[in-house]
Amino acid sequence: MATLIKKRRFVADSWQLLECAADGALPEVTDTGAVIVPLALWRARRDALLARGHAIGVWLDSGESAEDIAADLNHFAVVAVSFPTLSDGRGYSTARLLRERHGFTGELRAIGEVRRDQLLFLERCGFDAFALRDDQDAEHALEAFEEFSEAYQVSVTQPVPLFRRRASSGPAA
Amino acid sequence: MYVYDEIDQRLVDERVAQFRDQTRRFLAGTLSEDEFRALRLRNGLYIQRHAPMLRVAIPYGLLTSAQLRKLAHIARTYDRGYGHMSTRQNIQYNWPRLEEVPQILAELASVQMHAIQTSGNCVRNTTTDQFAGVADDEIVDPLVWCEMIRQWSTFHPEFTWLPRKFKIAVNGSRADRAAVEVHDIGLHAMRADNGAVGFKVLVGGGLGRTPVIGHVIREFLPWQHLLTYLDAILRVYNRFGRRDNIHKARIKILVKEYGPERFREEVEAEWAHLKDGPATLIPEEIRRLESRFTRPQYLQQPGAEAALERQLAADRAFAKWHQRNVFPHKQPGYAAVTLSLKRTGVPPGDITAGEMDAVAELADHYSFGELRVTHEQNLVFADVRKADLHALWRTLRPLGFATPNIGLLTNIICCPGGDFCSLANAKSIPVAAAIQQRFDDLDYLFDIGELDLNISGCINSCGHHHVGHIGILGVDKNGEEWYQVEIGGNQGRTGHGVGASLGKVIGPSFARAEVPDVIERLIGCYLEYRDSEAERFIDVVHRIGHDPFKKSVYASVAKVAAAEPA
Ligand code: SF4
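For the record, the sequence lines run as chains P and L. Its first residue numbered 1, the first sequence is counted upward by one per residue in this note's numbering. Its first residue numbered 1, the second sequence is counted upward by one per residue in this note's numbering.
No lab work stands behind these hints: they were computed from the structure. Any given hint could turn out to be false.
Covered stretches of chain P (in silico footprint by chain L; criterion: 3 or more residues with CB under 8 angstroms from a CB of chain L, positions within the stretch not fixed) [stated by the list, open to error]:
(1) 3-9
(2) 30-44
(3) 121-129
(4) 138-152
Partial selection, computed: residues in chain P whose CB lies under 10 angstroms from chain L [claimed, not checked]:
(5) S65
(6) R96
(7) L97
(8) R116
(9) V156
Computed from the model, here is a short list of chain L residues facing chain P with C-beta under 10 angstroms [stated by the list, open to error]:
(10) D136
(11) E285
(12) R397
(13) G400
Backbone N, C-alpha and C define an ideal beta-carbon position, used for all residues, glycine too.
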């Protein structure tokens, strides 16, 4: 199982991630335990999932968007966003939209091709949980969060851009 | 030149430390080849034909003499003693050793330089007019805005894994010397009636496999909204740009698929959420950036004009150079000078460490210690006293930088091609050399007049062949190197009022040895048809069309035409 980092600490993962079969068939859901379900399952079995009485999470594939779940966010303790490849950057936008536009405050988890060297930017886009790929050097992974001490842009972790902070701290030297 | 503050410096230093660690992990085997590839690309490091290639950003083309000396030092210490000026205001080193790249980056950081985002699918180095801030036809000085975009794009958290690379160009003059119409985003800085700065925003232009002229999606964007609007464009692209096919992943394809109108609507809808948010720019920041740019202390130059006139009248060679390589300056008594890196026999854009040192020395002496690199792969001294022009010219001549060919046929834009680049279909440098040799007669060259000739070694179009008045493209035909010739391209609005246009292929391609003859026939046709010397090659192509040119070229190469499908 992948190592889970949450809020820059290693934690045990109490969630079970369910996936559709290769042919698209929806996975079975047992009666107990917290599950993160694919969007298709949420859409098909919404009432049944809510009736289980356990916490629910949903996960979005990179082609699925924040808007697809915006109206349902109050049902989810976790939203996971999948990165099918390292270079597929759509999830960065998805995360910002969930946080900044749709006000999601629960756990936002990056899953899939999640590697050490992406952690900081993922966090800046609003992820607070990271299912680190198995082959990653977990021991040193947390160092990635410290690699940059400042950033120019607005982000989820720094809503005030550097230029406004520079301006309010008086004229530059 | 923008001078870093403590934070700018810290970020660049932290990037060096990060890359040092990534390289260490890669060499130790804990970072996979695949992962390292994605990371090194974002630091400008390619692995190509012979060795790694390191591309160093020269943000919007500005360099100090100290930085140039550092580039010379790097060329000497870590490479084979020279560098290559690219067509995107970058310098490339072709022979660095992977293990030494972190050290090279540290050397760069020590002079406020970097290789951040010079490759990879992210926002690349922003480019601009090489005469920014000094051109006499300038409306808005684009330099502050370029630095603004540099900071905004550097380590942007959301847009580091775009579908494809992303290039932004800014122009602030009446003429367009930044080719904004063929960039992913082109910005024309302009002024409203009340003098307020804003930008005409173009998207979806580009060269490469599918050359397109950009579409205007906003006629006037007030400056305060520059970053939120860029965020909106990039977000639409990041979310909806194609990722399934590398050849269809540039923003131009998305704009084409949606149509410019729907694309504009998508951007505006996204922007509605971001507009007036915290990323809205404030006057304090513009003033701060402006104050961090060093600006020359110009002096009155009484009598300079008259003295220059006398020198021009007395010295024909000097006058020729002045005509081609000296550009009018907004400050009386000053001029901007282009140092041609296009002398016959030297690969276009190549410069040795010794030459860099010599140029740095001259920049200190003649141009306030600063210089620029141009997308035409030349260098510019932007602030030369007119009284010094003659002395500068005499100094440049023995160094080989005074070839009076700026704007002329032998000022060839040329990518590294098959000699260096692993993607090439064909060599480009020897083609440039053969053409330069053929047109070595200066009087003839001047008679032909303004002509942009651009060469790319493959369809990636790094040599901008689509926007050359004459464009040459290396193609592969059954493992052999052939060359396709286009005419009618233009990189952007010029003094003559013609906007950007894309060249069209004249017909079947040619063997390398035939290329100089083909160019000669094209020129012959032009000379025959032109109204006057004022009518340039490109003007004639636009007036009479391709047919006369095709006829004059193919009449005598029928054998090639028969052998080669279009
Ligand atoms: S145009 Fe092609 S051959 Fe030339 S540098 Fe670019 S990728 Fe290489």
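**Q.** Hint validity - L:E285 Cβ closer than 10 angstroms to any chain P Cβ
**A.** Hint on L:E285: holds, closest Cβ of chain P at ~4 angstroms, below 10 angstroms.
(Q) Interface hint check: P:R96, Cβ to nearest Cβ on chain L, cutoff 10 angstroms. Holds or violated? (A) holds, 6 angstroms
**Q.** Cβ contact check, 8 angstroms cutoff: the region 3-9 of chain P against chain L, three residues minimum
**A.** violated (count 0)
Q. Is the shortest C-beta separation between L:R397 and chain P less than 10 angstroms?
A. violated, 43 angstroms
Q | Satisfaction of the L:G400 interface hint, Cβ to chain P closer than 10 angstroms | A | At about 41 angstroms, which exceeds the 10 angstroms cut-off, the nearest Cβ of chain P leaves the hint on L:G400 violated.
Q: Between the region 138-152 of chain P and chain L, see if three or more residues pass the 8 angstroms beta-carbon test, and mark the coverage as holds or violated.
A: holds (count 6)
**Q.** Evaluation of the interface hint that places P:L97 against chain L, nearest CB under 10 angstroms
**A.** Since chain L brings a Cβ to about 8 angstroms from P:L97, closer than 10 angstroms, the hint holds.
(Q) Would the hint on P:R116 be counted as holding, given a Cβ-Cβ threshold of 10 angstroms to chain L? (A) holds, 8 angstroms
Q.
Take the shortest C-beta to C-beta distance between P:V156 and chain L; is it under 10 angstroms?
A. Since the shortest Cβ distance to chain L is 8 angstroms, the answer is holds.
**Q.** chain L covers the region 30-44 of chain P, three or more CB atoms within 8 angstroms, holds or violated
**A.** violated (count 0)
Q) Per the coverage rule (Cβ-Cβ under 8 angstroms, at least three residues), is the region 121-129 of chain P covered by chain L? A) With 3 residues closer than 8 angstroms to chain L, the region 121-129 of chain P meets the three-residue bar; holds.
Q | Minimum beta-carbon distance criterion (10 angstroms), L:D136 to chain P | A | violated, 31 angstroms
Of the hints listed earlier, those the structure fails to meet are numbers 1, 2, 10, 12, 13, in rising order.
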